[in-house]
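Please model the complete structure; the sequences and the hints are all you need to start from.
What follows is each chain in one-letter form.
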Amino acid sequence: MHPLNWAVIIVYLTYVVTDGLRRSKGTHEIEGYFLANRSLPWWVVGLSVMATQLSAITLIGTTGQGATDGMRFIQFYFGLPIAMVILGVTLVPLLHGSGAFTAYEYLERRFDAKTRSLTAFLFLLSRGMSAGTIIAAPAVVISAIFGWNLVWSVALIGVPTVLYTMIGGVQAVAWADVKQMVVIMAALVAVVIVLLVKLPVPPGEALHIAGATGRLRVFDFSFTLNETYTFWSGILGGTFLMLSYFGTDQSQVQRYLTAKSVVEARSSLLMSAYWKIPLQGLILLVGIMIFVFYLFQAPPLLFNPAQDAEVRTAQPAALAELERRFGTAFEARGEAARAVVGARETSDPARVAEAKQTLRDRETDVVGIRTEALTLVEQVTGESSRDVNYIIPRFVLDHLPLGLVGLFLAAVLAAAMSSIAAELNSLSTTTVIDFYRRWVRPEASDAHFLTVSKVATGFWGLFACIVATFAATLGSLIEVVNRFGSFFYGSILGVFLLSMIPFTKGIGAFVGLIAGMAVVAAVTFGAPDISFLWHNVIGAVTVLVVGVLLSGFRRQETRV
Amino acid sequence: MKTGHSFRFNLVRVMLVQVVALLLLWFLQTRYGG
Chain A
-1 MHPLNWAVII VYLTYVVTDG LRRSKGTHEI EGYFLANRSL PWWVVGLSVM
49 ATQLSAITLI GTTGQGATDG MRFIQFYFGL PIAMVILGVT LVPLLHGSGA
99 FTAYEYLERR FDAKTRSLTA FLFLLSRGMS AGTIIAAPAV VISAIFGWNL
149 VWSVALIGVP TVLYTMIGGV QAVAWADVKQ MVVIMAALVA VVIVLLVKLP
199 VPPGEALHIA GATGRLRVFD FSFTLNETYT FWSGILGGTF LMLSYFGTDQ
249 SQVQRYLTAK SVVEARSSLL MSAYWKIPLQ GLILLVGIMI FVFYLFQAPP
299 LLFNPAQDAE VRTAQPAALA ELERRFGTAF EARGEAARAV VGARETSDPA
349 RVAEAKQTLR DRETDVVGIR TEALTLVEQV TGESSRDVNY IIPRFVLDHL
399 PLGLVGLFLA AVLAAAMSSI AAELNSLSTT TVIDFYRRWV RPEASDAHFL
449 TVSKVATGFW GLFACIVATF AATLGSLIEV VNRFGSFFYG SILGVFLLSM
499 IPFTKGIGAF VGLIAGMAVV AAVTFGAPDI SFLWHNVIGA VTVLVVGVLL
549 SGFRRQETRV
Chain B
195 MKTGHSFRFN LVRVMLVQVV ALLLLWFLQT RYGG
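Chains as they are written, first to last, in our numbering: chain A, -1 to 558; chain B, 195 to 228.
Some hints here could point you the wrong way.
[Said to hold, decoys possible] What the simulated footprint calls covered on chain A by chain B, stretch by stretch (three residues with Cβ under 8 Å from a Cβ of chain B suffice, anywhere in the stretch; the number is not a length):
#1 214 to 223
#2 275 to 287
[Stated by the list, open to error] 25 Å max Cα-Cα, derived SDA-like pairs, lysine to any residue:
#3 K196(A) - L222(B)
#4 K452(A) - S115(A)
#5 K258(A) - T224(B)
#6 K177(A) - G401(A)
#7 K196(A) - R225(B)
#8 K452(A) - I464(A)
#9 K258(A) - L205(B)
Hints listed in this document are in silico derivations from the structure and should not be mistaken for laboratory results.
Where is the CB? At the ideal position from N, CA and C, for every residue including glycine.
This is the structure:
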């Protein structure tokens, strides 16, 4: 890569770290370190919430998903605005008004210590692992592209993040998130401009071509529990997932606990309600335009250069034969795409329909050859190819002008760092507040807790980096994180919902939580076809039913 | 965007924005996705 691109990355990393260290000067006590003394304006918190959710997985994986599968993934986010409004009037006032450091601390005040400890433990378990996955996702891609050892890529992302999070606390994290969102948006806009300039057809024709291949089919109204991306799973399952994530996950709750007031905290969540779907739409559309670009410009058969090199060494003849067939199929597909544009100029519906059908057939040929190549990759390397995650990095490296490559890679680092920083910050908060201060040293001084908090952040950073080094070969980068969380998410949401029902008791919450997780586990293993989005609904409803019944039963028992 | 308005007001506003977003996506699908 050109030194100018490296210079952009180095300037970005240096700025984020030094700014984070500068912000540590205002952090002398634990309230400042974990909650910024509840002083941040709504727009900083709002951007921090969005940056935390927009990880490198989103930036790399979702554009790849747009290129291969189209827009339908956006249905996943349909429940987000609904969840934000519900949270604004339910959990946000409860959590912000309680003065608690963590969401789980509130649960002890409402229920009991064991419910708090169990939910906090589940958070540490799931988020501790997912922090590793969030580093691993971009690290694997960076390693494959530059031919680096994975440890170096993990260190490039992990070390600066741990440094500014550990020293600067939540102030550094939130203000870094603001800058990181700016970098991410600038990179996305740059990619869109380059695509518009480089596409050999006007944008309207590009959309018609993409539409002909089914990539602009947004809505799927079928009601099936097995399909993840449908309108109904997005609206119902998505609402429960987002309620769980934004309402009960400390990595998000801590963002809006730093807001000046309940009103500012609500407003910060509304920012996501307004902007998440358009932003996600833009990311998917970038992927779709890259697909159209590669109809006219020969793409590599394998986007992952490391796997390409491995297969080229192990199976040179088989790969060469696939590349020959791929070249022919690519030419035919490009011809079919140009024929769609030509047919549209004639305004003859029959010709247009025929040209679109031919394009679909040629696209099927290309996909078939690519599938054969990916099967070969899996045979040679013994690992899942996940080629989809390399589409945009390869496009950026091969086709973006000087300087913009550095900007895009800085955006990938920014997306990764903003998510990881929030995770480390919240993992440290939960470790110190819900376990160390609660069970080990309740009477220690503020200065002591501040030191322990910094050590805990460092520990979780190290842990995440170690997990990242080994989690590299996990499956789909997008779904692994959500899947892991959804195992507990719905049940924990159920406990928080239960807390809003006046007569419910600690025993109902605790037993309900265990029952919810048991039912989700049974569904996961017993009916693996049911999409993970529904697990949140199942978990939350189980906890509510069991919790209400048990609390009601105990109330009657007490009366007797 | 910063607001101290009631739940009903926020609900109506956010839902209106979402309906517009869904209509735009619907337009994208019907105009180009056929």
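Margin query: Under the constraints set out in the numbered hints, which ones does this structure not fulfil?
Written below: As far as the earlier hints go, only 5 is violated by this structure.
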